[in-house]
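S.K.: Here is what each chain is made of, one letter per residue.
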Amino acid sequence: MFVDFLITLVKILFILGVTVGFFAPVLTWVERKQSAIMQDRIGANRADILGFTAFGLFHIIADALKMFTKEDFIPRGANKVLHTLSPIVALIPALITFAVIPFGGIYTLFGKEVNLVISDLDVGLLFIFAVASIATYGYVIAGWSSNNNWSLLGSIRVAAQMISYEVTMGLTIIGVLMVYGTMRLTEIGAIQEDFWMWGIFLQPLGFFLFFAASIAENKRIPFDAPEAESELVAGYFTEYSGLKFGMFFMAEFVEMVTIGAIVTLLFFGGWHLPFVTMDGILSMFDFLGETGSNIVALLIHVGVFFAKVSFFIFFQMIVRWTLPRFRYDQIMKLGWKILLPLSLANILITGAVILALE
Amino acid sequence: MAYTVNRNVKLTFWERIYLPEIIRGMYITSRHFFINLFGFVPYFLGQKKEREIFTVYYPEEMVKYPVAYRGRPVLALNENNIPNCVACGLCEAACPAYCIDIDPAENTGKQNEVERWPKEFTIDYAVCIFCGNCEEACPEEAIFMSDDCEISMLDRSKMKYNLEQLLVPIDQLKDRVEFTRKMYAKWNY
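As you go down the protein sequences, you meet chains A and B in turn. Just so it is clear: in the first sequence, position 70 is 70 by our numbering, and no numbers are missing. Convert by adding 1000 to the 1-based position in the second sequence; the result is the number in our numbering.
Check the hints yourself; a few may be wrong.
[Claimed, not checked] In silico lysine to aspartate or glutamate, EDC-like type, Cα no more than 20 Å apart, as pairs:
1) A:Lys-337 x B:Glu-1015
2) A:Lys-333 x B:Glu-1015
3) B:Lys-1158 x B:Asp-1101
4) A:Lys-337 x A:Glu-166
5) A:Lys-333 x B:Glu-1021
6) B:Lys-1174 x B:Glu-1140
7) B:Lys-1160 x B:Asp-1148
8) A:Lys-33 x B:Glu-1052
9) B:Lys-1160 x B:Glu-1120
10) B:Lys-1174 x B:Asp-1147
11) B:Lys-1049 x A:Asp-40
12) B:Lys-1186 x B:Glu-1140
13) B:Lys-1048 x A:Asp-40
14) B:Lys-1119 x B:Glu-1140
15) B:Lys-1186 x B:Glu-1136
16) B:Lys-1158 x B:Glu-1120
17) B:Lys-1174 x B:Glu-1079
18) B:Lys-1160 x B:Asp-1103
No wet-lab data here; the hints were simulated from the structure. Since we're looking at a predicted model, the values are computed, not measured.
Construct the complete structure from the given sequences, taking the supplied hints into account.
M.R.: Take a look at the structure:
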């Protein structure tokens, strides 16, 4: 009983440490530095401790200090309660989704089975979509409660964009569900131990649709009409400063990690290396004993999972620094006239193929 | 020369489906990313002097200015540690911004002394417009435009440089001396 509690606590601390403690701050640095190098610049390198700049890594600390010490400003006429509440509503769902995302398989450590997921829900996939959609309320409330025209326009755009792309996302997932026949994310991961069962081979169109829709859900360029700094100042978080702004910022980066994790899990084999099965690793490290070989397998799988997640974050960054922003009508046209029919066609084709194979 | 932009470009089918063009764009940006990223490696290992990125870390690294660059005007100190200047006042007269102020001194009959020299020579860089007329007017090769452009100060009064601050050994100005000789010899006054 106590051991179970301890294991869960370790898992929670690990996932929080990786997302909030590692990915969110480091991604602020990666975004600046990668964009700079991509555009033949050098990028952030001025913050230094005793003359060491460490490629600008100390900018993370500088940013954090700046956010903590800034004035927490609430504009006149703003709804104070909602204005304070909305960053929390935006950030928390992004963190909660990690409760059901498995970052490894099932391992036997010291005679105890450890499942590397905090909560192994039957409806894990559904849970992610349900919770992630709550974050939209945070953005809409943020724009409305700020008493600012730009913010309101931004939040209206958020609402419209979320509704449009949530549909595509949901319909794309149906294709994945039809192929794997389960909503439990650990099972979806376990099925993909076989390389040719990876989602990218079974649902190639689904991957592109899902990826496009999830970037739109995260409101990053090219779908950043809600922020649109050249049109709407900063969109829904124009009136935010200090740590509240930081929470919106962090929510965006944590959501990037979430997207990377879901895409990895559904389409790129989760924690599995291609052509390497769990039994293969166990037999290869047989000389370490049962627990030892299991620990090796655990380390390899967690490493592989986060390597894949990092790759997809990198991919999102490339997209963000390559493509220009869509116009608002183009976003709507793309969502309703192209992605939605394509996702419906995807379901149809998937169903026909499954029927033909039976 | 006016030119018109054709706003009715007919996109081909390949361009209209958009995805291939996205991939092409991403190929270009990621190619830049990887070339620049791995361009850093030989630089940090010390095998190569230059990075792939040509941006300069400014205060630590400096760009070599071309010899024709007009930085702050300085006074040349010749091999005998005496300023070339004879305090004739031609630069003062040529200066369109009136930033030069000369206080001359003359030989009082002593041996081994130059005929005429500036007792005090002041250039106010807050007023100077870096036109180079003083250099052109100088008959004695005494005042030159250096390649130093870092003269920003927090206090205007500190931008008034006196004789000691202005003097620079002529060795450091060799290129500029050559350049002025070549340049002004061409023009027949």
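S.K.: Compare the structure with each hint and give your call.
M.R.: Against the structure, the hints:
no. : hint                    : result
1   : A:Lys-337 x B:Glu-1015  : holds, 18 Å
2   : A:Lys-333 x B:Glu-1015  : holds, 17 Å
3   : B:Lys-1158 x B:Asp-1101 : holds, 15 Å
4   : A:Lys-337 x A:Glu-166   : holds, 14 Å
5   : A:Lys-333 x B:Glu-1021  : holds, 18 Å
6   : B:Lys-1174 x B:Glu-1140 : holds, 15 Å
7   : B:Lys-1160 x B:Asp-1148 : holds, 16 Å
8   : A:Lys-33 x B:Glu-1052   : holds, 15 Å
9   : B:Lys-1160 x B:Glu-1120 : holds, 12 Å
10  : B:Lys-1174 x B:Asp-1147 : holds, 12 Å
11  : B:Lys-1049 x A:Asp-40   : holds, 17 Å
12  : B:Lys-1186 x B:Glu-1140 : holds, 17 Å
13  : B:Lys-1048 x A:Asp-40   : holds, 18 Å
14  : B:Lys-1119 x B:Glu-1140 : holds, 17 Å
15  : B:Lys-1186 x B:Glu-1136 : holds, 12 Å
16  : B:Lys-1158 x B:Glu-1120 : holds, 16 Å
17  : B:Lys-1174 x B:Glu-1079 : holds, 12 Å
18  : B:Lys-1160 x B:Asp-1103 : holds, 15 Å
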